[in-house]
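S.K.: Let chain A serve as the given structure and place chain B on it in line with the hints.
Going down the list, the protein sequences come from chains A and B.
Those letters in the first sequence? Residues 1 to 174, per this note's numbering, in order.
Those letters in the second sequence? Residues 1 to 624, per this note's numbering, in order.
Keep in mind that the hints were calculated from the coordinates and are not lab data.
Please note that a few of the clues may not be correct.
Using 27 Å as the maximum straight-line C-alpha spacing, the simulated BS3-like pairs for lysine-lysine come out as follows [as the list claims (entries may be wrong)]: (1) K107(A) to K164(B); (2) K581(B) to K26(A); (3) K389(B) to K287(B); (4) K107(A) to K520(B); (5) K12(A) to K164(B); (6) K339(B) to K158(A); (7) K26(A) to K508(B); (8) K508(B) to K229(B); (9) K137(B) to K169(A); (10) K229(B) to K127(A); (11) K241(B) to K229(B); (12) K229(B) to K26(A); (13) K118(B) to K137(B); (14) K26(A) to K139(A); (15) K12(A) to K229(B); (16) K12(A) to K418(B); (17) K85(A) to K63(A); (18) K169(A) to K581(B); (19) K162(A) to K164(B); (20) K165(A) to K600(B); (21) K508(B) to K236(B); (22) K581(B) to K450(B); (23) K102(A) to K164(B); (24) K158(A) to K314(B); (25) K114(B) to K12(A); (26) K339(B) to K12(A); (27) K94(A) to K287(B); (28) K12(A) to K127(A); (29) K339(B) to K162(A); (30) K220(B) to K26(A); (31) K600(B) to K581(B); (32) K12(A) to K241(B); (33) K508(B) to K525(B); (34) K450(B) to K423(B); (35) K165(A) to K164(B); (36) K581(B) to K127(A).
Ranges of calculated distance between the beta carbons of each label pair, as one might list FRET restraints [as the list claims (entries may be wrong)]: (37) D312(B) to D146(A): 40 to 46 Å; (38) L88(A) to K314(B): 47 to 53 Å; (39) Y243(B) to P66(A): 49 to 55 Å.
All C-beta atoms, glycine included, are put in the ideal place defined by N, C-alpha and C.
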Amino acid sequence: MSQLWIFRDFDKCSGCRLCEITCSLKHEGVVWPEASRITVLEFAPGVAIPHTCVQCYDYPCVKVCPTNALYVDSRTGAVLVDTGKCTLCGVCVKVCPARVPKVVKGKNYVLICDLCGGEPECVKACKGVGFNALEVVPKPEKAYVDPYITLPEVIASKLSSKVYKEFGKEVLGL
Amino acid sequence: MNGFWGRLLEVDLTSSSYKEVKIPSTVFRKFLGGRGLATWLLWSELGSKWESVDPLGPENILLILTGPLTGYYPGIKLIVSGKSPQTNGVVGSAISSEVAVEVKTAGYDGVVIKGSSKDPVYLYIHDDRVEVRDASKLWGKTGIELLRMLREEVRVNYDLEGVKSLPPALYIGPAGENLVRTAPVNAKWTHGAGYGGYGAVMGSKKLKAVVVRGSGPLPKVANFEEFVKLWNELIKLIPTKNYWFKFWGTPSEYYFAGNRKSSEPIRNWQEEWHDVIEYSHHDLETKVWVRRYWSDWGCPLSCMKVSIVSIDGKYYLTDGPDYEMGAYLGSNLGIFDVKEFTALSALADNLGLCGIQTGNVMGFAFELYEKGVLTKEDVGYELRWGDFKVASKLIEDITYRRGIGKVLAEGTYRAALKIAEMKGLKPEEVLKYAIQAKGIGIGAHGIRSKADFPQPIAYVCSVHGGDHTSVAGLPINTIESESWKAFFDSAVVCWFNLFNIPEDTVIKFLNVVTGWGMSKDELYKELGPRILTLQRVLLLLGGPDVYWDPRVHDDNPPRFYEPLPSGPYRGKTGDREEVRKLKIQYFSELGWDELGIPTKDTLIKLGLTELETAVERVKKRLGI
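Bound-form chain A, shown alone (with noise of 0.2 Å):
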């Protein structure tokens, strides 16, 4: 089995959130859209972002980890916590170029997509409701994840001219 990997569909969120749910419910036993390993950021109208670790080539997060406590899920490409050695000291957060790990009030651990081991409930949400903005897929190569290792109000920026055309910037405001 190859390692596998969430594809985004930014066309296609609506903004939703049903994927914060169902991951806060996986991960947690409640709702709590904070401690969802999945973000949708909303910039504009129709302009949601649906943010998550895309699993880089280089795992920044995992190299500069100063206890040990991340690493990568050979089975899948996540990136697991070690919830026992996470200090919550932040440096993963700092060093992310997607400002992926969250760090939530109430969890003495950093809080990193983990796959759901393999069946992602997000997708199965996002899917679920016909909305298909998530998708599982085989890891691709290197250079297809690349472009997607960005911060969320950069996808928006695009997106929002792509949608409003002329209107994209003053729209976002950005």
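M.R.: Just chain B now, with coordinates in the frame of chain A:
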């Protein structure tokens, strides 16, 4: 407690202070939350002096409330309430906004806002951190300008520092600041809690916005496994059962309501039928939509669309537009051009006006002009049906209370009384053109053809007057009754996400979340009637500027008794005798007398004996 926290955040704008207020679980069991809790809170705090409380004075209380199903049942709603400047009663005004979830994840079931500030302020809540902040720079700003500025002000407080996404906020535009009596509380560029006029209440308190961030979890549910199972079933079932709502949203009604059901407002309801096929969801999807699916928080249905149009180099951004807004700012003004009514909807959103109430009062003014009651001297320009430029100008004049706009800013009912006085006419000579019920312009679903959902007594008996989302109807123990609407506005879930979902499933969901043993019987025989009875008494107490007399005001607008002039239902009209009979039956089934005044037995049965003196006050005023 499961499904709710049992505490509210109470902020006093006069003293700039705040505290937590505990609410016993027995109150939630009796009133659920949202609309029911709002009515109970307002009765408890203001009931003894209700008639003298000015809805636009510092005494009024602004409520932002969730319910036990908020954040759990798919979709999202929040209830905004207080003493309504439109009805002088209580309206539970629903809005789709992620603020509902933010309030709950901040650890509260709702926010109670008392007093009023001297200078413009906005409220910033981040979990247990509460700040009343200066809003002098934000005052006067339109919706989109405001959201941009707020985003800059509050983003530094985000965990994801520097990410400039939308701050979860409720806010008002210039209309609310200028105390336009029908102004909504807005959210998310284009959403509004319209019915009730709570934007004006915010304006009167000098409160420009309420920004809320919560970082905790929702309260635990009683039966987690069952909850996850039901939630997963429902998120798939809702869009499957209501696919037309998913594809076209409420814009599917532009052609359907007018052409098929003859229930659409056209030129101030002079007609309700049209055959303009270009005035439809299809032309919207091909001409103005840039996004077909724009969901609110947790919603699998996604009835919202995103539209943008450009006229004379200016862009206008809005949703579908929602059928209600578009019909009132479209066909009701004789405008059938998709781009034009989309632009008018966007204009209303941005200025902080309610599309329904504004289109209602504008259609009323246009007809008064047509009939010669209002003249060019009164208005300053001609009010011609179908004229986009005139409509845009009048929208701005209402927002900024300029010229005739000052009168129309009072809403259709009060404007009618003022115009009658101005012109030396009897009130009924002007009121016959006012399509409203108890101070609220009637939603864009007529009753004459009997082919749409509102029954002949829908607006006659509703405790929300002209609110099409809270219509009354029979049989009493079914979703036709207003008890069902009181239920979903109190559990605080989206009405649309209940379409074609059995009541039993919804009640089961409530029990799975709360651990209660609510039954259908309890819902229809106790809970619903309890909320409606309390709302009805406060509505009849009314005041201070206008009061309702059941013998006069429990009726349809006169227009609904004129025959439909066109279409397949030509000649059909409301029947006064039928309305009278249905009204008496409806009242009696709720345990109210022939005038809709709750009987002593009913108050005892519903556990509302504390209302006895209030009922006496109503009877005394009416001289009965």
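S.K.: So which hints don't hold here, by number, going up?
M.R.: 2, 4, 16, 18, 20, 25, 27, 34, 36
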